[in-house]
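*Asks:* Sequence:
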Amino acid sequence: MKKILNALFLTLLAVFTFSSCSDVPAPYDILGEGDVPGLTGDGTKENPYSIEAAQQKQDGTIAWVQGYIVGTVENYEDPSGSAKFAAPFTAKNNLLIAASATETNVKNCVCVQLSSGTELYSKLNLAENATNLGHILAIQGSLEKFYGFPGVKSTTAATLDGKDVGGSGETDPDNPLGLDDSNPVNSFSATFDDAVNNNDYLLTNWYNVAVTGGRRWQGKIFNNTDKYIQATSYNASGSNFECWFVTPAFKVDEIADKTVSFKCAVYNYATAAANSNLEVYFLKLVNGKMESSKLTIDGMPTTDNTWVPLEAKLDSYAGQTGFVGFKYTSTSSTEALSYRLDDIQAGKGQGGGETPGEGTELLTNGGFENWADGYPIGWKSTSTAGNATLEQSTDKRSGTYSVLVKGVSSSNKRLGSAEMTLKAGTYMFSAYFKAATADIASARLGYVLVDETGKAGSYVYDADYVNGISNEDWVTKSFTFTLSGEQKICLVIMNSGNPGKDLLVDDVSLKTEDGGIVGGVEEPDPEPGDADGTEAHPYSAADVITLNSTRKGPFYVKAYIVGAADGAMSKIQTSNFSVDTNIVVADKQGETEVNKLVPVQLPSGAIRTAWALKTNPDKLGKQVIIQANLENYFSTPGLKSPTSITEVGK
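Residue numbers for the sequence shown follow our numbering, beginning at 201 and rising by one.
Rather than coming from a laboratory, the hints here were simulated on the basis of the structure.
Hints may contain errors.
Across the chosen pairs, the derived CB separations fall in these ranges [what the hints assert, rightly or not]: (1) D380 with G767: 53 to 59 Å; (2) S804 with E454: 53 to 59 Å; (3) D380 with N698: 55 to 61 Å; (4) G805 with T391: 21 to 27 Å; (5) D573 with T682: 31 to 37 Å; (6) T589 with N832: 24 to 30 Å; (7) S670 with T594: 58 to 64 Å; (8) T391 with T584: 39 to 45 Å; (9) Q687 with T774: 44 to 50 Å.
Please read all numbers here as calculations on a predicted model, not as lab measurements.
Beta carbons: idealized from backbone N, C-alpha and C, even for Gly.
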């Protein structure tokens, strides 16, 4: 008995000794073998959010997030397929961080934005700092989607293995934009041809800084071709916003005409002019401290969607080195004014430019971005105008897709538009072409008259073929035609049977100054299939069902809340709600046909609190705009990971 008691005593002593030793803090905590401390955190520098918490809290909050640096997204056009977890790396504008240093599944990561021209960019990007791989990063920024993944954008401060990156890691109050005038230039320009829609715009030696509210200037694309940047506080979190877009440093005496020119447009001016503003400043550093002088800009736009060429004259700053900064401010995230900039350059501008939203462009899917039932929407004729076999192609001039028109030797094949009735007037029909293979292709633009029975009649073609089309470069051709009276037509693009090879077509346009489609298409209310998922033209529930998760997003969707799903789409609750994890939306109030319903995931947090019908039954029947990913939910086309839900008209 005594031996048993002695053995038990020694065992307990060993247990207590081991437990005591394990509680002794190490001189340097390596954060465990793959565990970021704090399952959730509170978003402060001292207690940052975990990866899991950051993935859930994608609401635009400015917060700190901590994880291991595990890789990058190498290609923004294919973020999932191009995620890379081993050197060498080429992408400099982002990092992937995860809860484990050995993570290789991008779905378990948070995507961190690094903005060019910042110290975080130069010291953290893996292309130039591959040794950072596997190290622990804590970083501050706006918790919002980046490249379609849970992200941290507009990053402002960071620590690497517990040490501040670039000194204090905090904004210098004397130089809040982080300006550097040590290498002034004598010429510069920004045309934004490389802008990515709805992504913070990055350009070497330029500055894009969110001072308050987490919003930066973002790339925008109109009509698939016209690219610019835009600042807006719409649908953001908070009530005060300030962001800057700033030129590289320059010597005033050395730039042409001592002038910086640019084009500017606005949207929602009549509603939100009192809440938002754009100001232009001459900025300079004096002993490291930024000084700003507001510039007088005559003719700032007040009419929506109209580009205005403007000039910032700097004669009074002769002999100085400085910057021109565009400062956007807003005090509302609901009634928000959007400002747009294009063609910023040293010297006098040329004026002109395509005006976004003027209604002169008559095609809604000229970039072939939206498809249904194997056809690009708007490009399936009921007549015999279109007789070619079509395929969706990712070899595109812009956007995500182009259309491949199959060729047949010795037989002309045609891509035909849906029938449309045009008013009397003059029209310019244009398109871009590229051979789909190494074989040379040929194309021709035209249209065909369609009679009252829907039968295709006489074809009218451009006098010139586009011959010698190779797969090296996109080439363009336009065809101008005039209709003396109202006429139903189909646009056609011929893939000539000589040589009869496969042809790629993209960025098709039909414009007019004196005509139009009967009924008008300048700013239609989107019907199923006509929208593009942007904030201005959100998808409908029918679009979500048609796309069937073939495009992820995030995209904007406009629909009515009609209920909630109790574990399955066959169990829709329309009253006495017991479910708070989802809502169900449709294009009509009170819709009950299951095949017309779209389930919407409500992740825990602010969105669930505000929109779950269990606690907010008054939300039933409300028309809302939802920004979310298009993903299967309850084994049906749905919306997941929403970042915002806004009631229409509020």
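*Asks:* So, for every hint listed, does it hold in this structure?
*Replies:* So, going through the hints one by one against the coordinates:
no. : hint                       : in the structure
1   : D380 with G767: 53 to 59 Å : holds (57 Å)
2   : S804 with E454: 53 to 59 Å : holds (56 Å)
3   : D380 with N698: 55 to 61 Å : holds (59 Å)
4   : G805 with T391: 21 to 27 Å : violated (40 Å)
5   : D573 with T682: 31 to 37 Å : holds (34 Å)
6   : T589 with N832: 24 to 30 Å : holds (29 Å)
7   : S670 with T594: 58 to 64 Å : violated (19 Å)
8   : T391 with T584: 39 to 45 Å : holds (42 Å)
9   : Q687 with T774: 44 to 50 Å : holds (48 Å)
When each numbered hint is compared with the structure, violations occur for hints 4 and 7.
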